[in-house]
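> Got chain A; can you put chain B on it based on the hints?
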Amino acid sequence: MTGPELLKSLSRLLGSKIQSRIEFRHETTFTIQPEDLREVARFCRDELSFDYLIDISSVDNLGEEPRFEVVYELYSMTLAIHLRIKLAVSEEVCAVNTVSDIWPTADWHEREIYDMMGIRFNNHPDLRRILMWDGYPFFPLRKDFPLEGLPSEMPDVAFTSAAPMEGGPFVTQPSTATAKDREPRARRPEVSL
Amino acid sequence: MPQVAAYDSKVEGNVVFTQLDAAMNWMRKNSLWPMPMGLACCAIELMATAASRYDIARFGSEVMRFSPRQCDVMIVAGTVTYKMALAVKRIWEQMPEPKWCIAMGACASSGGMYRSYAVLQGIDQLIPVDVYVSGCPPRPEALLEGLMRLQKKIEGEQSFLAQKPQLVAELAPEIQKRSPMRVHVRGVATAPASKAT
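Respectively, the protein sequence lines represent chains A and B. Residues 1 to 193 in the numbering used here are what the first sequence lists, from first letter to last. Residues 1 to 197 in the numbering used here are what the second sequence lists, from first letter to last.
Any given hint could turn out to be false.
[Stated by the list, open to error] When the alpha-carbon atoms are kept at most 25 angstroms apart in a straight line, the in silico DMTMM-like pairs for lysine to aspartate or glutamate are as follows:
| hint | chain 1 | residue 1 | chain 2 | residue 2 |
| --- | --- | --- | --- | --- |
| 1 | B | Lys-83 | A | Glu-153 |
| 2 | B | Lys-83 | A | Glu-35 |
| 3 | A | Lys-17 | A | Asp-51 |
In short, the hints are calculated from the structure, not lab data.
Excised from the complex, chain A in its bound form (with noise of 0.2 angstroms):
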């Protein structure tokens, strides 16, 4: 079977556990619910040829439910296809199952998820923080958390505090617009006719 006979025929092979399938521009991307995933990524790395997990991420989508995201970006080394794979997980439940002994790669992946977003992975080996250290309080990559950031103090360990926003070469419109409204931008230069 080739690369593009498998996307094809892929919705029937997995059957009732996708719950969406997109094409776009030829990258193929499944919604699966989150209590299939490790059956879905057994069977896509066992059965499929998916030997390889490029990358796992996540996304915040502020305001919706459920409110985050999980992306797995997998490639097939024999057969040259990606396949993304994606579920959703409400805040209250914030984990998903860990896929780290299925592919080893995804350790590293899912510590730096959980850093960032604080989502947890079940049955992880070792959930610790991977980029912030142990006892930072908070997950700066959530859409609440301000940019400047915010002060926290773990003793002889680190400290962080806000960083002016004002004054420097960078300005943000403080405003409820989308994302690329409110991210920093160089200030214009003061010119006076």
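Quick look at chain B alone, frame taken from chain A:
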């Protein structure tokens, strides 16, 4: 009686009279051993400064010591994250006095373009900085200019007084008594020689 320097043809031309501070400062400024605190891309320019083309050895600073106990100047080259900040401070505290600090580049000076939750907004919030070098990253010439500014700064320091304040305080009246006209001990308020008869 003050010692009289007798004429000796063997040492003629090998003796220089100077001030103690001047001599100490001259020795210090020309052998500034850096602690290379390379944390980001500025470290690449720091390495370029140390390499043969720019050759920081011309200024006596070629001895990059990775042991803080042997360092005189900490060159903070790069983005200081909060995770690294206390480690930098700890290494700074392990350096023996006298010590100086160069904040190399925008990030080390002010946080640079990183206005974020993860980056310390300037290493001067934790340790005293003597010279700030602008640039992102600064060219090797800029770092050398910063080093020369630091050398200029060291030239004017009251080294002996800073190093041995007690000894200076003890010696001052004695020196004052022996030669009240000639000796001026900088930084020490000495009572006028009252014993003068």
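> Against which earlier hints does the structure fall short, listed by number upward?
As far as the earlier hints go, only 2 is violated by this structure.
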